[in-house]
Amino acid sequence: MNRREFTKAALLGAVAAGLPIASFAQGSRTIAVMFDSLQSPFWISSFDAFKAEIAERGWTMLENISNLDDSRQFQQVQSMIERGVDGIVIVQTDANAVIPAIRAANAAGIPMVHYNRPPAESDAKSVAVQADNRTIMRDTVTALVEEAKKQGGKYKAALLIGDLGDQNAIARRDGFFDVVDQNTDTVEVVARIATEWNADVAFAGLTNALQANPDINFLVTSSDFLHPQIEQALKVAGKWHKRGEEGHVLFAGFDGDEGGYARLADGYLDAVGVQNVFFEVDLTLNALQDMWDGKEVDDLLLDPGFVITPYNFEEKRDEMWGYLVWKSQNG
Amino acid sequence: MVSDTTVPPRKQGYRVLIARLLSEPAFTVIGLLVVYTLAVTAAVPGFLGAGTLSAIFISLLPLLIAVIGQSFVMIVAGIDLSVTATMGLTSVIAGSVMTANGGYLADSALAVPVGIFCFLFFGALVGLFNGLCVAFIRMPPFIVTLATMMFVSGAAVLYSSWHTTSVSIGGLPSGFTRIGYGTIGPIAFALILTVLVVVAADFGLRRTTWGRWLFAIGNNPTAALISGVPVRAVQVSAYTLCGTCAGLSAMIYSARLETGTPVLSQNLLLDIIGSAVIGGVSLFGGRGSVLAAFLGVLLLTVIDKGMQFIGLTLFVVLSVKGAIILLAAVLDALRLRYAEGKS
Amino acid sequence: MDAKAVPLFECSGINKSFSGTQVLFDVGFAIKAGEFLGVIGENGSGKSTTMNIIGGILRPDSGEMRLNGDAYVPTQPNDAMEAGIGFIHQELNIFGNMSVADNMMIGRYPRRWEKLPFINHRAKRLATAEALKRVGLDVSPDAPCWSLAPGERQLLEIAKVVSQNPRMIIFDEPTTSLTEPECRRLFEVIADLQAQGIGIVYISHVLSDVQRLSDRIVVLRDGHAVKSTATRDLTRDGIVEAMVGRPVSQLYPDVPPLGERRPVIEVQGLTQPRVLKDVSFSIAAGEVLGVAGLMGSGRSELARILFGLDPHDGTGTISYEGAPFDPSPRDCVSKRMAFLTEDRRHEGLLLTQSLTTNLELVHLSGAGSGAHVPVDRKQQVSNAEDVAHRLRIKARDLVRLPAKSLSGGNQQKVVLGKWLVDAPRLFILDEPTRGIDVGAKEEIYRVIAELAGQGLAVMLISSELEELAGLSHRIMVMSRGMNVGVFERQDGGFDRAAIMARATAADVEAA
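Chains as they are written, first to last, in full-length UniProt numbering: chain G, 1 to 331; chain P, 1 to 343; chain D, 1 to 511.
Just so you know, the hints here were simulated from the structure itself, not pulled from any lab data.
No residue lacks a Cβ here, since even glycine has one placed at the ideal position from N, Cα and C.
Misleading hints may appear alongside valid ones.
Unchecked claim - Label pairs and their in silico Cβ distance ranges:
#, chain 1, residue 1, chain 2, residue 2, range
1, P, Ile30, G, Lys295, 46 to 56 angstroms
2, D, Phe18, G, Asp200, 49 to 59 angstroms
3, P, Val199, D, Glu114, 22 to 32 angstroms
4, G, Asp181, P, Trp162, 27 to 37 angstroms
5, D, Ala129, P, Val199, 53 to 63 angstroms
6, P, Phe121, D, Ala129, 38 to 48 angstroms
7, P, Leu110, D, Phe18, 54 to 64 angstroms
Said to hold, decoys possible - Derived, one-sided and incomplete: chain G residues facing chain P with beta-carbon distance under 10 angstroms:
#, residue
8, Ser28
9, Thr30
10, Asn64
11, Ile65
12, Leu68
13, Asp70
14, Gln76
15, Ser79
16, Glu82
17, Ala101
18, Asn116
19, Ala120
With the sequences and hints as input, model every part of the structure.
As structure tokens, then:
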């Protein structure tokens, strides 16, 4: 490789990089969508939903992914401000480190909406859209307890808890206890399993709990991404049975991903608390529209979510993002 | 007895030509910069605006400081993989001292000076440790600093999670966060700081015995020892300065994010080493300059920024940057083969 | 001269051990001002250790050194230089990445202010230019050192030492990487230094240089200084005898008689653009064909083409054992050709591996074996033992000891030996004795003669005409890629003057 070839290659690269944006800048509004990663189905679905919805509204989307790097995300926000976007949708990694970015957007007069994760308290102005984790979990567990009451008997419950550094995980845990504390006659909590949002930790924790309490028959997970590990642990304990079969464990999940959908459809799950991705995306973009229109928008906009159970399965599944993922994967 | 006469200088002219070309990566870098900037401007006309360019310039300052530190180590034929971890550690330690949310010196007039001292001191400390291991225990720099990286980044997370309930430390005093984007008169404070580092480093490398010794050790440590160079002390000093620069860089980054975080720049390592290599600081030691560090940082930052501007996905950005760093490394290896005849 | 009373430098009773093994025993010698002292000895005889002690790199266990009558006790390299003893190392201490001036002044930069480490660049350049002038090296102080030729680097190193006003300079194998004119230049500079009263300690394998230049010769053997005599009182045989420790009745073994001529390889009109031109020759079983010629005459290139290492896309034919043959290294190995390359350390030996592994390397890629054939460990060891026995390789453990633990001569034999496992029929040897000491050379000569006696065809390439004359049946002279003449052995010898003339004549014509 000599210098001429090197330069040629670099030129080619630069030109190739320039091509996709040839048809740029026809939309009336340009939105920067800034995620910190695309590491789980939830974020990928959200990202795709933004793409679709923004195109639907005739706007243009600029994507930025920071790879969990706060400094880089801040620089990306600055780039987008210099680029003169009309609005910023952001998923930050760190609630504190995002504050200078909000300030920068404030200074430039560009509205900013946090998708699914609110920032830390500060004097900077932005809007956060978030699932109402506690309420959704409450509704989900309520559905599961009703099922339990219908079948009768006493239940020994286990809860898989997320990383307690994450506000969402805390809210889900609290939503769980809101319900079971009211129904101590039906449900007794025998295991609280800390997962730290780590699949291996979750598997080990659940396996231990099932050995210590072989009669666990009521299980709630704070996130659907743990389903493969839960299925494995229950199989090992001989407790992986469908609804209506002997030994079925009453089982509820949270998020509404494609794993949750598949297990609900197959009859292993009894309820899933769904974060309504499509609703949240709509809420986010509406908030931007409202701010452009000069309307007052609340700091926190909640997605009430919904609970999907075998009883409303047919009518609700089209709103469940995991179903769409599942459908695209399974034809 | 048949004896050999002069080797005909068959390849000599050709070799010297290639060596000359390779030994001036500055031209390649500047050429690439111009071409790339024009290409991006063609796509997004706003790119060449004064606002964008000055923003790029201001944003690359902390990276430049870290790369200068790394250059010291690379010139003595070492490498410091622990810089980003060191940055995270100094960020949370200094943050825990200064934060208004239960910091050790919360609301004290000493908070900011002590915080700044923490950045420099703990940065230097990690560097000193690396340097001692490399120079006195003769451990390969790669392994020493890789291990330090794991240890320090783990320690940073432990420290911050022990100090606060969340992972990061917010609420840093405004006296500190001004370092990030504040100005003294019309000039950005970070710029003044960086210029000081640049001038000192450049002077040190080119005009002092210490600087020349770095180059000698990087090229041939045994010969340096025989020539009376205090090899070990100079090696230790290079690593210590590298750690100190990492601390300084972390200070600006933390001030800009207004947050002390253990993952301050955990994805920055390849940018740091890559910038140095792109500019012409050799991975094999014995070659490098502050100008090289600057050009490398400038090119990498402009490329990054340009692709952000266009709105390309991260994975395209990563591939392009990776390809450019790889090319620079290949050129570096060729330069070694053709120019310095070191095998 | 009053220097006669007190020698310039004197050492006596020097002992040194490394981890329990004594390598120097009561070594002592003296040198006068302006004297040229040649120090010779086989590898491992203690020359380097002795010089490193004088140079302050190692410390002796006992013994004393005196410089102009005063006790001299260096503890680090700098001490030696400050006392006036310069050391030109075999591995030159050049920093290719820095300028000539930086190389010259690295350990003692002129400073702008006494106490501060700021370099006075002007003073640095001036002092450098001055020093370069003293050795007649015409390069800019600002030139980067990677651009210097080996000879210039050598002179730079000398200039660096000379500029520090030494009283004595140690040269350790200074000519290994120099061309003939560069050597002459070096000798002129040394003579000039001598004239200035500087004592010269000169270590070299090139006995003829030492004999020609030195006033006195010290011979080291197994850590003892066995001889210290005025050069004019020594014959070449006397020197070699002192080095090897036994009388050298004949360095070269008898050349085995040739029976019926049965060609193993025949080359007809071999031409490769810019490398070879119409080369024809043949080698018969049991014959040693010497190939003489200057460097760049096409000797090594011919060998590489024969073994398929370099491409042959020109004209001409090669036939091997009666059949036409288009060489590739794998083919050559499977057809029982063997090739000892010039660059043995890099191409020939796995230094960290055991002898068995090294000896087996060729066999593994040779006839009848492929990646899928399992390695027969027992067979390997017995093959290795067989070869080690044939070559008299002195090693305590063939299976576990790494090759680098052997002496240079024995390493050489391992490289030879690895080709012998598969009983080759043609053996190409490119400079088989370069850089090894006399004792090891003798062993290699014996092996070559024995192999020829067993019916091997040998192509022997060497820069030492003496060596070719001692071993070959015929000598082919090459020049500018051509075969310019073949000489037959007559009356047990060759007309060396005629061969020399032929090898250089074409060169003169060309010029």
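So, going through the hints one by one against the coordinates:
1. P:Ile30 - G:Lys295: 46 to 56 angstroms: Once the Cβ atoms are compared, 50 angstroms apart, the range 46 to 56 angstroms for Lys295 (chain G) and Ile30 (chain P) holds.
2. D:Phe18 - G:Asp200: 49 to 59 angstroms: Since the Cβ atoms of Phe18 (chain D) and Asp200 (chain G) sit about 53 angstroms apart, the hinted range of 49 to 59 angstroms holds.
3. P:Val199 - D:Glu114: 22 to 32 angstroms: holds, 24 angstroms
4. G:Asp181 - P:Trp162: 27 to 37 angstroms: For Asp181 (chain G) and Trp162 (chain P) the Cβ distance comes to about 31 angstroms; the hint holds.
5. D:Ala129 - P:Val199: 53 to 63 angstroms: violated, 30 angstroms
6. P:Phe121 - D:Ala129: 38 to 48 angstroms: holds, 46 angstroms
7. P:Leu110 - D:Phe18: 54 to 64 angstroms: Holds - the Cβ-Cβ distance for Leu110 (chain P) and Phe18 (chain D), about 58 angstroms, lies within 54 to 64 angstroms.
8. Ser28: violated, 17 angstroms
9. Thr30: holds, 9 angstroms
10. Asn64: holds, 6 angstroms
11. Ile65: holds, 4 angstroms
12. Leu68: holds, 7 angstroms
13. Asp70: Since chain P brings a Cβ to about 6 angstroms from Asp70 (chain G), closer than 10 angstroms, the hint holds.
14. Gln76: holds, 5 angstroms
15. Ser79: Holds. Min distance 4 angstroms.
16. Glu82: Cβ of Glu82 (chain G) sits 5 angstroms from chain P, so the hint holds.
17. Ala101: It holds, given that the least Cβ distance between Ala101 (chain G) and chain P is near 9 angstroms, below 10 angstroms.
18. Asn116: Since the shortest Cβ distance to chain P is 17 angstroms, the answer is violated.
19. Ala120: With a minimum Cβ separation of about 5 angstroms from chain P (threshold 10 angstroms), the hint on Ala120 (chain G) holds.
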